[in-house]
Structures are given as structure tokens and as C-alpha cells.
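Student: Start from chain W and add chain Y according to the hints.
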Amino acid sequence: MLQTLKKYRAPYLFILPFFILFFIFQLIPTIWTIYISLTDWKGIGSPKFCGLSNYQKMMVDNMFWESLGNTVVYWISGLILIICCALLIACLLNSRFLSNDSARAFFKTATFLPNICAAIAMGLIFRMLFDENVGLVNEVIAMTGGAKVPWLTSTTFSKIPVIILNVWRYTPWFTMILLSGLLNISKDYYEAATVDGANSAQQFWFITLPSLKNILFFCSVTLTVDMWKLFNESYILPGPGTSNSSLFQYMYESGFNVFNMGYASAIGVVLILILMVISVIQFAVRRRQGEL
Amino acid sequence: MKKKIALLLAAALTVGSLSACGGGNESAPAATAAKGEDNGSAAQGGDGGQSAASGTVYPAGTLTVYAMGNPQYRQQYFETWLENHRDIAPDVKIEFVQTEGTADIREKITMTALSGATEDLPDAAMLDPVTILANAGLLKDETEYLTPLLDKMVDGAAKDATIDGKIYALPDSVRPQVLFYNKEIFDQYGIDPEMMKTMDGYIEAGRQLKEKSGGEVFLSYIDPTSKTWRYWGRRGLMPSANAKIWDDSGEVIIGSDEGTKKALGALDTMNSEGLLMKTTIMEPALYDAINNQKVATFCIGAFWDEFMRQNCDAVKGQWRVMSAPEFEGVQKAGAPVSQYMGIIEKGDNPYSELFRMMWYDFTFDIDAKEEWVNSMEAQNAPYSNPVSIEMLEDPFWKEPSEFYGGMSFREMEGKCLQNGADNLIVTPQDAEADEIISAELEKYVAGNQSMEDAIANMDKNLKAKIGKAQVN
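Protein chains in written order, with this note's numbering: chain W, 1 to 292; chain Y, 1 to 472.
In isolation and in its complexed conformation, chain Y is listed as follows:
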């Protein structure tokens, strides 16, 4: 008897462990496809495909979007849109899932796709760049839909989402590199901010600030983490100086590239002369320094505006914006940073067309967008300039900003796009290259090597680990 009970127990344990290994019930069927035809061209109605999909009623469910940087505010716009379109989406909800950043989004989508749980994939995601997911076939081809709309958008809006002539995501924002400066500090020390139009002038302004303030005021910051490469390097000085990591065939040239020497050399000059405050960006220590008028400028993407507004109330009205400094011989003012909304290719994605309609409205509906931006201003929340040319021409986008002492930040953001440099070539190897380059730059910031050695090591390690990049 005892033996039989023991056998039964053992058998039950075995069955239990096997069932634990099995997958869950397939009780959640894939959402029923919408009746409308997917991937309709915007040209069909000029309203983002709405007329093409007329008569379509989207199935009940939640449209999930992976995003970053306080996406709950964006959700407010889309929720309002859904409320106004209950005739076509009576039971559709939208959820913006907060992520750490684009790398996190890529990781989540990749791992979900890898596990085969396609029903768990989001319907759309905020992306920059799109290369890895597009090459993996995880993004819908938007070429047909977007091509008729390109003339309505600012130059290069779809550039970084274009691979071999196909566009893989919907443009969300194109934001320039700008120079934020505290006018009151410059006035106090009698320094003309106009001198910062060139990189040499920018560095000279830093020297004068240091000298006249007795070392109290720093020109800007330098971050001991990977953010120095991200904000000073990849998106900032490198494109401004026409620097290159790869040549046109994908070979590593960063070690011998004159642009790189110019770009990182400028950073080295500022750092070695003590013009930069060594602190982590987006952390309280830096905000304290800004509020105490210890940091005078930021040469960074326009996105920095929202961080300043949220954290630096003590210096409200003192800051101004101008075009980022130009390197002699290049005369370009930094590269714009584009961000995209990619619709995920997950077989039966019932909300593809619905999301395109929402995106179209967000991008081209002047009144709705302005109402939302006013609401963002009231909440001190983030928003970016539109990519629609028509919308940018509206006087609303030239309104003065209180934080910038009456200067229109929105207008300046638009103006700063005009002399933008080309971005560094986008390759599928960029994530790995960034890790290698940033590691060497971080060691430079830590004082472990000279900038010359850092550049030489970047070149050596890129050649050893990546060899040749895949340039489209």
C-alpha cells in the first residue's frame, strides 16, 4: 500500500512539474482584425486614411504603445482623440507604457518577438533609430502611406527611418541642437553671447566666464557616464564638426578622421581648461548648480527645455536660446535628432490603421495640437515642435515663452533647424559602437587617458570588435 502511495505521489510530482513547464491557456485569442484594409495610403483621403477606412469599427481592446519621457502626457492627446471618435472605436483604449529609453524598448520588443509571444507585442513604439527592428522585420513598411505626406513635413523628417528607400516609421519629432545660455550671467560679467556663434568663440566665452567669476561659473557640464558621448558626442559636436566613425563603405576611420579630432578636441580643450563642471546630467546636483547660476550654457538638443522648465524655476526668465556654435570650415549648427513612431509588424495588428489616423491627427491637426500644447504648458509637461510645415507657420508656434524672458522658444527651435548638420551615418552596429566609444570617453573624463589615447583606443577597439559596419 505504502509503495503504491509513493508511486502515485512520484507520478503526481512528475505530472505537476511537466504541467508547470507548459504554456498557459490560449484563452486570449488574437484580437479580431478590423474590417478596414491595413496600410492604406494617406493620399487616399488626405486625412490619414480615415476615409479609406470609413465604415470600419475597430475591435474592443487596448492599443499599447511603448514610449519614453513622460508618455502619460502624450496619452492625454490620444485619449481625447479616441473619445471624439467613438463611432469607429467604441471600446478601444490606449495605453502608453513608460520605458527607460529606446534601448529598453528595443530589448522588450526583441525579447517578446524571440519568445514567440506576438500577442504580447505592443501595437506601436517610440523609436530612434529604427534600424535593428526594421532589419528584423518587426516594423511595418510605411512607404506607401507616408510618401504623399513627405512634402508637408520639415526636411529630413523621415530620413533616419529610411532604409534602402523604404520608410519604416512615422516621424514624431525633429528637434535641433541648440545653445541654451543664461543671459543674466553673461550680462553680469559683460560677455557678449553673440561670440558663441562659433566653437572658438564658445570656448573663449567659457575662459572669460571662468576668469571674471574667479572660477565660480562654469561654461557647461561634462558627465562621467555614457551621457557625455550621447549628448556632447554623437548628437552634438561630432555632426557639427562633420566627424565620421565609418567611411562610406563602413570601414572604421574615427582614429584618423579630422572631424573627430576637431569635435573631441574641442571637448578636451573645455575640459582640460576647467570650463566644464563634472557632474551627471539630469541629476539634482546639476539642477542646483543651474539654479545657483554656476552653469552658464548648455549646447544640447532642444529636449533639454523640458528639464530646465521642470527643475530650474529659480532662474526662470534668465535663459535664452540661440543656434548651436559652428566649427570653422564646417559652418553647421549641430544635427537635429529625429524620433519616430513605429507600428509593430505582428501579423494581425488590428490597430495599425487606427494608430496611423491618430498619428496623422497629432501631426497635422493644428487646433487639436495647439490645445494640447497649451495644456502641456499649464502642466509644465514636455512637448516638441511639430513636423508639419503648415503647423509651424501658425503664429501659435512663435508665441513668447515666459521661461526664456519673452523669447519664443518654439520659434527658435524651428529656426535652429535651418542650418542643421547631417547626422552621423546610421548603421545596425551603432549600439555596439556607442558602447565601445563611450567606454573610452568615460575613461578620458575619469582622467585615465588623454583624448588622443581615447580616440586611438576607440579606433582600435572598433576595428577589433566590429570591423566593418553595414552602411545602407
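Just chain W, same shape as in the assembly:
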């Protein structure tokens, strides 16, 4: 090993800064989190070792389970809606109907705008839009003869504004990633398919989608991590109790509102484990498909 290090001294030195930062800001805090999750600690003073009691508490904490369930909803809905919307918009931006370059540039910029807006500012605007009494959404519903919907004051509907904000914010980023993938697909495939008589839907299904497989996989992995770390959207659009809280938000509130650092760390450890399991499954599936 020492010989290898000596032989590849320069490359190892180049990747050393990353590992130093990873060690200080990720590995050590992760190990520290695991330790704190086994203690009763209010953030100040010495942590008192309490074994697995934080984990036992978690098992009977319905706020934890509700937040976990909400996060699964955000994850699944995010995966489906964001990838579908992003793919649709990317295809439109790449289509021959948008032949004018300046029009294409305008739509690309306009599409990306939601991603660069501050999440909290957008959250506040969405809160006004979905206000039960004076919100624009309910005004439109009322104009069409419908009854006002208690978007953020009912446990039934409170996740919907969060999902919409989530999709609105994340779609542009993944649109750009998918668009870059679309631009890399050779035009020859489509020309050949057209000559063979394939229609647009067939071209999309048999050329576009298979060519984007790796990029779609990348999107699903990064989206999974993003959705499990969802915080801003549900924090700024609170519903009754934990009816639309994400697990990440519940972890934050347990740690910094209630100062139950041990319990918050235990939730953090569970989040790490969940993400590890999901990632392993995703990679295993891809490996079985022979793509990796």
C-alpha cells in the first residue's frame, strides 16, 4: 500500500483535500451523531449515555411515524412528478418546433427561474396562494363554483401545497440535466427511425428513453436524497400538527425547538440508514440490469 501511495503520490495528493473535508465535515459528524443518538443530551452540558432509549422512544412516537410517512409521500410523488415534468419540458425545449434560437434561450431561462428563487420567499408566496380565506387558489375555485378548500388547515390537504411547491422548485434543475442528455442523443437514430416509419411516440419510447437510462438513474438517485432531506417546503407551509412535516423537519424541530439532541440524532441515524438502504437497492437493480 505504501508503495502504491509512493507511486501515485501526485494523484493522491490531488484527491486529499476532498478527503480531508469529507473526514472533518462528514465522517466525524456522522460518527458523533451516532454517539449522540445513544445519549440523553439537551445540547448543553455533558451527554448522558442512555443506550437505545431514543430508538425505543421513536418506535412509539406517532409524530415520527407520521413524518416518516409524509416523507415517503414526498419522495414517491417527487420522483414521479418531477421526473415526468422535467422530461416533458426537456423534450419540448429540445423539439424541432422550437427552432428559433432566441426563443429557445428565453424558454430555457424562464424554465430555470423557479430553481434560483429563494425557497423561503417562494414558500411565503405559496402560503398566500393557498390561504383558505384570501388565497388566489381558493378564489379561482370559488369563481368556478367550487367550495373553498382548507389547504393548510386540514390534515387531508396539507401535503398538496408542499408537493406542488416541491415539484415547481425541483423540476427546472432536472429539466436541465435531462436536456443535456437529450442533446447528446445522435440525430441519426431519429432520422433512421423516421425512414423506418416510426411515429413520435415510438421514437420517444424506443430511442429517447433507453438513451436517457443512465441520466434518469442519476436523477432518481439525487432526487431520492433531495426528497428525504426535504425541509424548506414543509417548514414554510405548516399544516396541523405533523400532518405535512418531513422527517428532516421533525429532526430539526426535535433538536432545535425542543433541544432533544439525542432524539434528533437518533432520527438522523435512521435517515442515514434509510438512504443507504434505498441507494443500495437502486444500485443493485441497475447492476442486475447490466447497466453498471
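I should point out that these hints are in silico values taken from the structure, not numbers from a laboratory. Quick reminder that beta carbons are idealized off the backbone N, C-alpha and C, glycines included. Among the hints, erroneous ones may be present.
Unchecked claim - Straight-line C-alpha distance at most 20 Å; calculated PhoX-like pairs for lysine-lysine: (1) W:Lys57 <-> Y:Lys278; (2) Y:Lys468 <-> W:Lys48; (3) Y:Lys463 <-> W:Lys148; (4) W:Lys42 <-> Y:Lys108; (5) W:Lys42 <-> Y:Lys468; (6) Y:Lys197 <-> Y:Lys210; (7) Y:Lys398 <-> Y:Lys316; (8) Y:Lys463 <-> W:Lys42; (9) Y:Lys261 <-> Y:Lys463; (10) W:Lys42 <-> Y:Lys346.
Stated by the list, open to error - Derived list of chain Y stretches under chain W, where covered just means 3 residues or more per stretch with a C-beta under 8 Å from a C-beta of chain W: (11) 98–109; (12) 204–218; (13) 432–438; (14) 442–450.
Tutor: Same frame as chain W, but now just chain Y:
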């Protein structure tokens, strides 16, 4: 050559990343300690320790206070005080930092202390309650300083800041639970506001308002967020009904407590009979409703006065104040809410004594306080009744208020303290308990469960997550 350059680059990157991880220069030395002795007793001179610290000149710098609720107005008082005391603090500035609330203050102080950056801690902070920071050793012990002053302050001024016989913060305000009502609405529908002295009468007044106005006028509001527990529950109906979350040994009893059933049962009656307007408090929709005479009363802390004055100009002169309704068998009119100024224990805090002097002046200097209150009135800004008994007896605190149709709000605030209920027991587990209880109450307000189920779930979840509270 290329290899050497590559090696140099890699080494530079490594050194760069390491230096980025390092802390900043220790160029800001801790402020020099004042020459005066810290923690002097007020008894030494009866002037807040000023004579004890005579000859003291405080070092140049900024005295930082974390506060909430438009603290820039409070800053005006302290700035004036500093201007008048340039002999002892020639180059001291004061900065009140606006925060979201006491939870935010606790979080900021805790995280700063946790990071070890004690020089970044504020010198003082507005607190309610003090338990978490006091137990963490982050507040100075004020027992010696405050004990000689307790007789000069209203009853219970230091109660919620006292842990195991030690006082950890300086009393800032003690404000009662009061009943605000729109007299014009009551006159219009021929309902006698006196009937609202009892909780049953209060609910009956709501029924009559609903019936006589054809459902146009609501008795009060109910908030779909955590503010229902904060204002209706913890600070309102629960203490009035002598309700308990914990028993004396810290065991959870909220599920079987008769007081809780009485308190939250009253809220349930009002809500289920459609007497409460479902809207968020402190938001435009509610202010619109008040200005349009759609909401007739608020059973809430006296702090609501400043929100009404600032946002409800259309109904100026129509509102009156009376003591909060009493539950039958308890005969108490709601618990006062105390707020404190805690001096942060951060080792070498050069301004501890200076802040005590300022606090003393703010609390006991009748002329200066009245001048400041007049200025607040002119700016439509917040202020609260003093905790000093002598100051409260001054005719100034009985002057009529224009917003309340000539009734003296200040005098009523003082009177409403007289039959105050005891607050719920303060424990270090309160923040977590509030989160659990509020979540169930919010689900009740959302219509997902009955009040009986909400109380049962509160009990179950408190037992599962907290078990036993630490009762001092």
C-alpha cells in the same frame, strides 16, 4: 518539471483546504472586564448597584440584548439612559437584536454556547421561561441582587425565574390574562358584557351573539396552528380551570385531569357550536374581521393590546377590557404571563453590572418610564405595565386610553392581576410537551379527532415520549 508543478499544486490545495477548516484570527480579544465588582447586591445602594459600582468606567463596546416583539422601542429607553450616563459608559452602545421569539433566543444562545464561541453570546436576553438556559448554567444567578428588591415588585414577579430557591433573571413584565370585548357589538345586540364574568356566561354570550347576528358575529377566534395551545391553552383556559399536565411528582396526568377536561371542554363547546372564527391570529384576515365588527371578544394576555392598537384603527374607542372569565369552582381569572431579562453567564461579561443598572432604572425610575411610555403611545408602540408597586400606584398608570373609549387600559391591566390563577408548573420538558399537546390540538381544530380523543392522545404521547417531567 510538470510533475513538480503538479505536486506543488496538490500540496497548495491541501494546505488551502486545511486552512479553510481552521478558525479565524483571534483578533477580537474579549472585552476588558469592568473595574467594578460583578453581581453586587441592590441593597448596597438601592439604586440598582450604581453606588456599589461608583468610579467604574465600562469598556468601549456594544452591549447586545436578544429580544422579541419590536425591541427597537425598548432600545430607545436604554440609549437615552446611556446618553445620560456617559461618565460611566463613555463608549458603550446598546443593540437590541430582534428575534422570532423566546424559542429562537434559546436556540441561538444554545448553539453559540455549544460552538464554544462565548464571545459571540449576547450580554442579556429576554426570556420566558428561563429553565433550560438556567439549568445549562448560561444565566447569572441574580438571587443576591434581586432579593432586597422583591418587596418592591408585584406578587410573583420572580416566581417563574426561580429554580430551587435561586433567581436566574430580572423580572421584565407580569401581564394578566384579560377579556377584550367590543362594547358597541354588545350594545347593538343588547347583551350585557357583565355576563362574561364566568366561563358559562362567556359561552352563553357567544350563543346569543351568533343567534342575534344571524351568524355574522363570532364570539372569538380559533387558530389552526400551535397558537391555539399557546394562547387558549397553556396561558389561558388551562390555568383558569386549574388544569394540570403533570402531577406534583412529574407524572403525566393530563388525560385524567378534571381541570383539563373543563378547560379544553369549554374550547370544544365554543368551537363545535360555531362560536369561534377559524383564522390565524396576528394575520390580516383576523384584523379585517375585527375592523368589520365580526369578532366580539378576545380572552387573551394583555399583550394583545398593542396588536389591536396597531391594526384595528377602525374600531378605536369601541373596545373595553375586563377580567378574564372564571370557571365555576375555581374562581380564578387566568394566569399572568411573566417575562424576564436574563444576564448571560459567559465568563468575562463586562456589562453585567451595567445592564443591572439599566434594568433597575427601567423598572423603578417613575419619571423616565412615564416619559418613555408617552413616547410609545405617540408611536403606537408596545409597552407593558411596570412590575414596580410604587410605579403602579402613580396616577399616570390610571390615565384613560383613547382606544378603549376612555377606560384606563393600564389601570385595568393592574386590576386584572389581582385574581390571577397560578401558572402551569414550569418544567424543562415544557417545550417538548407543548409540541406534543399542540399537535393533537391542531388535529382537533382541523376536524380530525374529537376533543376527548385529542386529550387521550396527548396523555398517551406524553407518557411515551417524556414519561416523567422534572418538577422543581
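Student: Run every hint past the structure and note whether it holds.
Tutor: Outcome of the hint check:
Among the hinted pairs, Lys57 (chain W) with Lys278 (chain Y) is inconsistent with the structure: their alpha-carbon atoms are about 34 Å apart, more than 20 Å. A threshold of 20 Å between alpha carbons decides the hint, and for Lys468 (chain Y) with Lys48 (chain W) the separation of about 17 Å falls inside it, so the pair holds. Of the pairs offered as hints, the one joining Lys463 (chain Y) and Lys148 (chain W) is violated, with about 38 Å between alpha carbons and a cut-off of 20 Å exceeded. For the suggested pair Lys42 (chain W) and Lys108 (chain Y), the alpha carbons sit about 14 Å apart, so the restraint of at most 20 Å is met.
Between Lys42 (chain W) and Lys468 (chain Y) the CA atoms are separated by roughly 16 Å; this keeps the pair inside 20 Å, and the hint holds. The suggested pairing of Lys197 (chain Y) with Lys210 (chain Y) holds, with an alpha-carbon distance near 19 Å, which does not exceed 20 Å. For the hint pairing Lys398 (chain Y) with Lys316 (chain Y), the CA-to-CA distance comes to about 19 Å; that is within 20 Å, so the pair holds. With a C-alpha separation of about 19 Å, the suggested pair Lys463 (chain Y) and Lys42 (chain W) falls inside the 20 Å cut-off, and the hint holds.
Proximity of Lys261 (chain Y) to Lys463 (chain Y) is assessed by CA-CA distance (about 18 Å); at most 20 Å being required, the pair is judged to hold. Restraint check for Lys42 (chain W) and Lys346 (chain Y): the C-alpha separation of about 18 Å stays at or below 20 Å, so the hint holds. As drawn, the segment 98–109 of chain Y meets chain W at 3 residues by the rule of a beta-carbon pair under 8 Å; at three or more, the given contact holds. Check result for the segment 204–218 of chain Y against chain W: violated, 0 residues qualifying (beta carbon to beta carbon below 8 Å, three or more required).
Coverage of a stretch by a chain is defined here by at least three residues with a beta carbon nearer than 8 Å to that chain's beta carbons; for the segment 432–438 of chain Y and chain W the count is 4, and the condition holds. Remark: the segment 442–450 of chain Y is confirmed as covered by chain W, as 6 of its residues place a Cβ nearer than 8 Å to a Cβ of that chain, reaching the required three.
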